[in-house]
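Please model the complete structure; the sequences and the hints are all you need to start from.
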Amino acid sequence: AQKITQTQPGMFVQEKEAVTLDCTYDTSDQSYGLFWYKQPSSGEMIFLIYQGSYDEQNATEGRYSLNFQKARKSANLVISASQLGDSAMYFCAMTGNTGNQFYFGTGTSLTVIP
Amino acid sequence: KAGVTQTPRYLIKTRGQQVTLSCSPISGHRSVSWYQQTPGQGLQFLFEYFSETQRNKGNFPGRFSGRQFSNSRSEMNVSTLELGDSALYLCASSLGGTSGYRETQYFGPGTRLLVL
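Protein sequence lines, in the order shown, are assigned to chains A and B.
Its first residue numbered 1, the first sequence is counted upward by one per residue in this note's numbering.
Its first residue numbered 115, the second sequence is counted upward by one per residue in this note's numbering.
Because the hints were derived from the structure by calculation, they are not lab data.
Be aware that a few hints might be false.
If you anchor each label on the Cβ, the simulated ranges turn out as follows [to be verified]:
hint : chain 1 : residue 1 : chain 2 : residue 2 : range
1    : A       : 72        : B       : 131       : 41 to 51 Å
2    : B       : 142       : A       : 55        : 33 to 43 Å
3    : B       : 196       : A       : 16        : 39 to 49 Å
4    : B       : 179       : A       : 80        : 42 to 52 Å
5    : A       : 16        : B       : 184       : 48 to 58 Å
6    : B       : 168       : A       : 3         : 33 to 43 Å
7    : B       : 168       : A       : 84        : 16 to 26 Å
8    : B       : 173       : A       : 52        : 40 to 50 Å
9    : A       : 85        : B       : 153       : 17 to 27 Å
10   : A       : 46        : B       : 183       : 21 to 31 Å
We treat Cβ as the ideally placed atom computed from N, Cα and C, and that holds for glycine.
Structure (structure tokens):
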């Protein structure tokens with residue numbers, strides 16, 4: 001089974017600053033995917049970024065980058081130049097090689113301060 | 115391309131009733147997964163359907179069931195509602211290929227169910 005741990009229940013960041021949201025995972029699968037989603041107060045889960053277990057380069061998508069450290073089993077999300085609209089819950093998730101089931105962490109609530 | 119749609123968006127039911135939620139995936143996506151989100155338990159996987167067959171199932175009682183139609187649209191049903199079933203129910207779709215770990219799931223806006 002897969003397990004995702006997010007140890008930061010809440011984070012604050014000043015507008016225009018960068019912030020790192022932590023995520024560690026545990027799996028015995030060799031093939032797996034790591035994902036980050038954003039959930040605003042409206043409820044919809046918005047896909048941000050993906051990293052595959054065999055990807056050697058860290059994934060980047062605009063202001064989002066994923067700091068993937070395979071040996072440490074960590075997949076931290078870095079948001080650069082934070083904006084007020086970034087205030088939301090952020091979930092780290094993973095899939096294993098056995099199917100299409102996602103395992104989610106408990107989430108981190110990010111608040112961007114003007 | 116239209117995103118994942120879920121209906122209804124909000125629902126209020128009383129204990130003992132049953133409810134059916136609907137999910138239309140992104141065009142071309144053949145896999146539909148359902149999740150329950152509550153403040154206490156977080157996001158929990160209910161089940162996944164692919165080509166009208168349940169491919170994966172989470173640890174939920176038999177009161178929770180689902181199905182998928184030939185057009186990939188999916189419904190989930192909860193019978194004999196309990197207060198603890200109050201939650202945000204999220205549906206997600208993906209292409210449904212065999213390399214599951216490579217596929218991104220795209221979520222709908224969710225259905226907020228309140229059981230009184």
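How the hints compare with the structure:
1. 72/A x 131/B: 41 to 51 Å: 48 Å, holds
2. 142/B x 55/A: 33 to 43 Å: Between residue 142/B and residue 55/A, where Cβ atoms are some 24 Å apart, the hint is violated.
3. 196/B x 16/A: 39 to 49 Å: 47 Å, holds
4. 179/B x 80/A: 42 to 52 Å: 44 Å, holds
5. 16/A x 184/B: 48 to 58 Å: Because 50 Å falls inside the window, the suggested range holds.
6. 168/B x 3/A: 33 to 43 Å: Hint violated: Cβ distance 24 Å, outside 33 to 43 Å.
7. 168/B x 84/A: 16 to 26 Å: 42 Å, violated
8. 173/B x 52/A: 40 to 50 Å: 27 Å, violated
9. 85/A x 153/B: 17 to 27 Å: 23 Å, holds
10. 46/A x 183/B: 21 to 31 Å: The hinted range 21 to 31 Å holds for residue 46/A and residue 183/B, with Cβ atoms some 26 Å apart.
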